[in-house]
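Peer 1: Protein sequences appear in the order of chains L and E. The opening position of the first sequence corresponds to residue 72 in the numbering used here, with each subsequent residue numbered one higher. The opening position of the second sequence corresponds to residue 181 in the numbering used here, with each subsequent residue numbered one higher.
Worth flagging that the hints you see were computed from the coordinates, not collected in a lab. Mixed in with the good hints there might be a few duds.
[Said to hold, decoys possible] To give an idea of the chain E side of the interface with chain L (calculated C-beta under 7 Å), a few residues:
(1) GLY232
(2) GLU340
(3) LEU344
[Stated by the list, open to error] Label-pair distances were calculated between CB atoms; the ranges are:
(4) E/PHE300 - L/ILE75: 55 to 61 Å
(5) L/PHE203 - E/ASP260: 42 to 48 Å
(6) L/LEU563 - E/PHE300: 47 to 53 Å
(7) E/GLN262 - L/SER160: 19 to 25 Å
(8) L/ARG418 - E/ILE346: 57 to 63 Å
(9) L/LEU554 - E/PHE245: 25 to 31 Å
(10) E/TRP345 - L/SER299: 41 to 47 Å
(11) L/ARG485 - E/ASP341: 20 to 26 Å
(12) L/ALA76 - E/GLN262: 55 to 61 Å
(13) E/ARG350 - L/PRO206: 39 to 45 Å
(14) L/LEU554 - E/ARG246: 23 to 29 Å
(15) L/PRO544 - E/PHE322: 21 to 27 Å
(16) E/SER261 - L/THR360: 38 to 44 Å
(17) L/LYS316 - E/TRP351: 54 to 60 Å
Quick reminder that beta carbons are idealized off the backbone N, C-alpha and C, glycines included.
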Amino acid sequence: MLDIATLLGAGLLQAFEPLNLMMIFIGCLAGLFIGAMPGLGSVNGVAILLPVTFLVPPTAAIIFLAALYYGAMYGGAVSSITLGIPGASTAVATVFDGRPMAQQGKADQALTAAAVASFIGGTISVVLFTLFAPPLAVFALKFGPQEEFALMVLAFATFIGLGGDDIPKTIFSILLGLVMAAVGFDIISGQPRLIFFDFVELQRGIGFLVLAIGIYGIGEMLWTLENSKGEVKIHAVRSTWKSFKKNLSHIREYLPTTALGSALGFFVGTLPAAGATPASLMSYGLAKTFAKDPDSFGKGNVSGVAAPEAANNAASTGSMLPMITLGIPGSPTTAILLGGMIIWGLRPGPLLFTDRPDFVWGLIGSMYVANFVTVALNLALIPLFVRVLAMPFTILTPIIFILCFVGVFATTDRMFDVWLMLLLGLGGYLMRKLNYPVAPAVLAIVLGPLAERSLRQSLISSRGDVMTFFERPISLTCMLLALALMIYPIWLGMRRRRAGSASGTE
Amino acid sequence: MSTRSAELLMTVGLLLLSLGLMWTVLADDLHIGWVEGRGPGAGVWPFWLSAGMALASLWTLVRWFRGATPESRNKSPYIDSQSFGLVLISFVALTVMLLLVHVVGTYIATALFLGFYMRFIGKHSWRTTASTCIGMVILIYFLFEWQLTKYLPKGTKMFEDGFLWIDNFRWQYLM
Numbered sequence: 072m073l074d075i076a077t078l079l080g081a082g083l084l085q086a087f088e089p090l091n092l093m094m095i096f097i098g099c100l101a102g103l104f105i106g107a108m109p110g111l112g113s114v115n116g117v118a119i120l121l122p123v124t125f126l127v128p129p130t131a132a133i134i135f136l137a138a139l140y141y142g143a144m145y146g147g148a149v150s151s152i153t154l155g156i157p158g159a160s161t162a163v164a165t166v167f168d169g170r171p172m173a174q175q176g177k178a179d180q181a182l183t184a185a186a187v188a189s190f191i192g193g194t195i196s197v198v199l200f201t202l203f204a205p206p207l208a209v210f211a212l213k214f215g216p217q218e219e220f221a222l223m224v225l226a227f228a229t230f231i232g233l234g235g236d237d238i239p240k241t242i243f244s245i246l247l248g249l250v251m252a253a254v255g256f257d258i259i260s261g262q263p264r265l266i267f268f269d270f271v272e273l274q275r276g277i278g279f280l281v282l283a284i285g286i287y288g289i290g291e292m293l294w295t296l297e298n299s300k301g302e303v304k305i306h307a308v309r310s311t312w313k314s315f316k317k318n319l320s321h322i323r324e325y326l327p328t329t330a331l332g333s334a335l336g337f338f339v340g341t342l343p344a345a346g347a348t349p350a351s352l353m354s355y356g357l358a359k360t361f362a363k364d365p366d367s368f369g370k371g372n373v374s375g376v377a378a379p380e381a382a383n384n385a386a387s388t389g390s391m392l393p394m395i396t397l398g399i400p401g402s403p404t405t406a407i408l409l410g411g412m413i414i415w416g417l418r419p420g421p422l423l424f425t426d427r428p429d430f431v432w433g434l435i436g437s438m439y440v441a442n443f444v445t446v447a448l449n450l451a452l453i454p455l456f457v458r459v460l461a462m463p464f465t466i467l468t469p470i471i472f473i474l475c476f477v478g479v480f481a482t483t484d485r486m487f488d489v490w491l492m493l494l495l496g497l498g499g500y501l502m503r504k505l506n507y508p509v510a511p512a513v514l515a516i517v518l519g520p521l522a523e524r525s526l527r528q529s530l531i532s533s534r535g536d537v538m539t540f541f542e543r544p545i546s547l548t549c550m551l552l553a554l555a556l557m558i559y560p561i562w563l564g565m566r567r568r569r570a571g572s573a574s575g576t577e
Numbered sequence: 181m182s183t184r185s186a187e188l189l190m191t192v193g194l195l196l197l198s199l200g201l202m203w204t205v206l207a208d209d210l211h212i213g214w215v216e217g218r219g220p221g222a223g224v225w226p227f228w229l230s231a232g233m234a235l236a237s238l239w240t241l242v243r244w245f246r247g248a249t250p251e252s253r254n255k256s257p258y259i260d261s262q263s264f265g266l267v268l269i270s271f272v273a274l275t276v277m278l279l280l281v282h283v284v285g286t287y288i289a290t291a292l293f294l295g296f297y298m299r300f301i302g303k304h305s306w307r308t309t310a311s312t313c314i315g316m317v318i319l320i321y322f323l324f325e326w327q328l329t330k331y332l333p334k335g336t337k338m339f340e341d342g343f344l345w346i347d348n349f350r351w352q353y354l355m
């Protein structure tokens, strides 16, 4: 316990170093804007801006990206409330009560509640993170390749069991990502694999950023262009110092549900397939269930804004927990962060805590500071954000396209990869329109090389006996959980069909 | 094209892709089984996962024929007809920009693309358009070429030579 306090103190000091503090500020600000833009969320921001972070050392870079992740969670609420369309999928639940509040002229109260709740959610979850991460990392030190592989299987199984998307399409997306990760030279035998049409460029493999920027930059913008059609109505926000103080006094009304939502969000956030969007929806449901006046939800109840906002911020911190301690990302955004760490030459996983304490604790310290910075920036800049939201897509879209092109080129130095990005982005857009989930593919291309290596190591050490995954207690538990998660939706479907035919409604 | 036909086309396409991947692994003579004394062959991972992709596509195909996926019952157009033009023109403009990068280099291509998009799709004034284009070009140069020391594509020899003048200026007077 004392150890943690010392390390955390060092981390906080590190967060206050001028460069890192500047990164927190810029990251939070960028995140707030990106999150507030309809169609762009944390994952798009992190993917598109990752190439720029090579300007600074890894610790400062991850602090910037984590702050951006955070800021985007706050920012999402701004467009949910003032435009009535979620700035990112994570802020969907905020629309339910945020929109009616804005229509009643209480937009400033809703925005304040969102900012304060995000702060509470972020703080509670970062405290939980500090308490859970070190023991989990120590526990994970005992993991061999079998456990690593089983854990990854479990991560992918959560997409099948909890993702809620079409099952065969989810499976296809996962496998496609894993196969794309295998393109290039095989690390063990040195043989070239899957070099289509003898493209020499493919020997270096398909970088995860090429896929991530393709999908979350190009694909996402095409998707937004198709769906937004440009017509939005912004609700006016008037805010004065007096009304601000009055708004803060409402905190007591939503404090209990916010605290509950934060804890819930943290734990849901650690699951790879779940993350911030379901966490905020669950938190909203919970707040409604426990409210004294559940009927007022959906008509402008301030708790209905606070609960989901607390949960989505908590979930973003939660998703960092498995990434830092186990090397398994808890969300698409952290998958990209993980890929970034590999580019920076860090090996994610439990060893990070012993090998690079400065990196880990600097990040944790920065999360505490980032919370304060974002809440302050958010409350101060609310009027400015509302102006920015009026920025027409005809400026934003081409700038993002250009950043995608330059960003990919800057990471790989090859036009081939830029063209590949365009192709993958178009493919991702066309597949997403047919309900193929894209997040599993991004997670899979990041984890693919690690998963293949751990599978082959396990099988070599067991001389090809697959039972090795079921003989060790931790990997057995993961495998059984994974199996249960994969069977669950099929069983659910069968039961529904049976119930349907029994009542004769089919 | 209706969403229904699009799903069929996509599923068949993805099935062919999966089979193509499996074929590539076999054509490259990679081992798809256990290699005595060496462990799993290099082809195990891509081959069997591609086989899984093929099975998943077949599964979707069966569901399409039975009308089990919402898309297979959806007769409305695959891409919203109102915004199809916008999506298409954005994508074509982006492709043209990337083609131009090979000829005239990053800076002229991005400025032309941004200018086209803002002026002819966005109908912004020439002043806003020009200042955004110049600002963007300077930002890219400063961030990537200068700070990250990346050599962004400069196009054909003629344009590359022209650009050297700016680079020389920077090295001589600003560094």
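Peer 1: Please check whether E/GLN262 and L/SER160 have a Cβ separation lying inside 19 to 25 Å.
Peer 2: At roughly 23 Å between Cβ atoms, L/SER160 and E/GLN262 fall inside 19 to 25 Å, so the hint holds.
Peer 1: Holds or violated: 23 to 29 Å for the Cβ distance of L/LEU554 and E/ARG246?
Peer 2: Holds, since L/LEU554 and E/ARG246 (Cβ atoms, about 26 Å apart) stay within the stated range.
Peer 1: For the hint on E/LEU344, just tell me whether its beta-carbon gets within less than 7 Å of chain L.
Peer 2: Violated, because the Cβ-Cβ distance from E/LEU344 to chain L comes to roughly 19 Å (cut-off 7 Å).
Peer 1: Quick check: does the Cβ-Cβ distance between E/TRP345 and L/SER299 fall within 41 to 47 Å?
Peer 2: holds (42 Å)
Peer 1: Given a hint of 47 to 53 Å, does the C-beta separation of L/LEU563 and E/PHE300 actually sit inside it?
Peer 2: For E/PHE300 against L/LEU563, whose Cβ atoms are near 51 Å apart, the range 47 to 53 Å holds.
Peer 1: Kindly confirm whether 21 to 27 Å is satisfied by the beta carbon distance between L/PRO544 and E/PHE322.
Peer 2: violated (55 Å)
Peer 1: Do the beta carbons of L/LYS316 and E/TRP351 sit within 54 to 60 Å of each other?
Peer 2: holds (56 Å)
Peer 1: Take a look at whether the Cβ-Cβ distance between L/ARG485 and E/ASP341 falls inside 20 to 26 Å.
Peer 2: Holds, since L/ARG485 and E/ASP341 (Cβ atoms, about 22 Å apart) stay within the stated range.
Peer 1: Is it true that the C-beta distance of L/PHE203 to E/ASP260 lies inside 42 to 48 Å, as the hint says?
Peer 2: holds (45 Å)
Peer 1: Tell me if the beta carbons of E/PHE300 and L/ILE75 are separated by a distance inside 55 to 61 Å.
Peer 2: holds (58 Å)
Peer 1: Between L/ARG418 and E/ILE346, does the beta-carbon spacing fit 57 to 63 Å?
Peer 2: violated (40 Å)
Peer 1: Does the hinted range 39 to 45 Å hold for E/ARG350 and L/PRO206 at CB?
Peer 2: violated (52 Å)
Violated hints for the displayed structure, listed by number in ascending order: 2, 3, 8, 13 and 15.
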